[in-house]
Amino acid sequence: MKNCEYQQIDPQALPPATPNPPPPPRGPHGDRGEEPTAPRRKWQVFPGKNRFYCDGRIIVARQSGVLPLTLGLIIVTCGLFFIFDCPFLVKHLTSCIPVIGGLLFVFVVITLLQTSLTDPGILPRATPDEAADIEKQIDNTGNASYRPPPRTKEVLINQQVVKLKYCFTCKMFRPPRTSHCSLCDNCVERFDHHCPWVGNCVGKRNYRFFYTFIVSLSFLTAFIFGCVTTHLALRAQGGKGLMFALQESPGSAVELVVCFFSVWSILGLSGFHTYLVSSNLTTNEDIKGSWSGKSGEDVSNPYSHKNIFVNCCSVLCGPMPPSLIDRRGFLPADESVQTAAVDTELPTLATKSVP
Amino acid sequence: MATHSLQDMRQQASVAAKVFIQRDYTNGTVCHFQTKFPSELESRINKQQFEETVRTLNNLYAEAEKLGSQSYIEGCLACLTAYIIFLCMETHYEKVLKKIAKYIQEQNEKIYAPQGLLLTDPIERGLRVIEVTIFEERSLTR
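Which chain is which? The protein sequence lines are A and B, in order. Numbering of the first sequence is given in full-length UniProt numbering, commencing with residue 1 and proceeding in unit increments. Numbering of the second sequence is given in full-length UniProt numbering, commencing with residue 1 and proceeding in unit increments.
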């Protein structure tokens, strides 16, 4: 029986590292040569350019972009608001103001963190067997000595011809609406764009977080801008002048500048994304003009439900798809054994398989 | 040694081939697999049986991704709580995925393993393919 066991670790099976449906992390028979010291989780061997924290629970892009700046701006501006403007406004207007401000602030920070730290819809790369199967289907001539031209496959989606491109990095045909992000080196489903402010791609799984973030941020910015203007106007009453008001409350000047410059861009972005949501488009498709019929042919968005309300509901309130990359799953035991023990086991195999 | 345990089969039998059932995108981006019967399985399994399995899987995935009142309520509630409930609650999609995993295991035990086949849950392949592993014909007595 021992010979049978060793024979399974076939030299032919070693390089492609075909993962079987996961058996338990420890070798079942217990006497399988050298075992790895601890079972490794899948995030530790993830091929894309991402970083993981909390043992794979949190995922971020390798470049955090300007996420610290975004967070910093929001926290500092809101901090100044609560310190300088709220006391005055509570005394002269209403105590609802810090409550509303606080709620908006919490909402904005939570949705920002969710956008940044969630898997945007990364597609795991094809296994070697899958890749070989696809290559077989494409390479009809059987000539493996040269690299074929870029591969596309056409499918008919809701009576609309859509070209699916082959991803050379992930070794598979990209599903519709999927795009490969070069910054993260991953294929992302329903790829919208890679947002440097958020430090992550925006895709199928975190688009609703992103949209909620920019909409609530527009409300927060407009709210703070309004409150600061009211505060300064009230202080400048009675002929005292704006300069006097600013001297009394210097923090308000900073808030005014930050809010004035950001409110236009954030409102504009929210408006743009509201248009995208209502027509079920992604930023990527809109920029490329995939469905605008530039070339004169009759094209229309095949993913739209032709109804603004249904489009909004399906994008924002649809079922939450699961993460496909299974970060915290354990690597199959034979894969860990193979990667660890390839060099050492081979010589013994040569002698064992002879009888 | 006659055994139908999936674990033992994976260890003792060697893989002859793998067949991949690809996704069918004619209805959009919903998860739907092609029901075309692959020729490599002709000798091992009944065509109707296989198509029935794939059709049931497709129906289950459609149920998971259905846009209905339940998903809208779940979505709106989640939005109001700044999506924190996604961290605490199991979503409808995850519940259906568990059902699918159980169904595939059942099918493997009852129908596919006795014929030397093994279906891999598509979620382990990123919902791209249904991988059918064909094991070598050995003298496995029934």
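There's no promise every hint is true.
Estimated spans, in silico, between C-beta atoms of each pair [what the hints assert, rightly or not]:
| id | chain 1 | residue 1 | chain 2 | residue 2 | range |
| --- | --- | --- | --- | --- | --- |
| 1 | B | Ile123 | A | Gly102 | 36 to 42 Å |
| 2 | A | Gly102 | B | Gly28 | 40 to 46 Å |
| 3 | A | Asp55 | B | Ala101 | 48 to 54 Å |
| 4 | A | Leu93 | B | Thr26 | 57 to 63 Å |
| 5 | B | Ala16 | A | Arg51 | 19 to 25 Å |
Read the hints as simulated data drawn from the structure, not as lab findings. Even glycine gets a Cβ: it sits at the ideal position worked out from N, Cα and C.
Tested hints:
1. Distance hint for B/Ile123 and A/Gly102: a CB-CB separation of about 40 Å, consistent with the stated range 36 to 42 Å.
2. Separation of A/Gly102 from B/Gly28 is about 41 Å and conforms to the stated range, judged on CB atoms against 40 to 46 Å.
3. Between A/Asp55 and B/Ala101 the beta carbon distance is about 23 Å. The supplied range of 48 to 54 Å is therefore violated.
4. Between A/Leu93 and B/Thr26 the beta carbons are some 59 Å apart, a value that agrees with the proposed interval 57 to 63 Å.
5. Between B/Ala16 and A/Arg51 the CB atoms are about 40 Å apart, so this pair departs from the stated range of 19 to 25 Å.
Violation of the numbered hints given earlier is confined to hints 3, 5; the remaining hints are satisfied by the structure.
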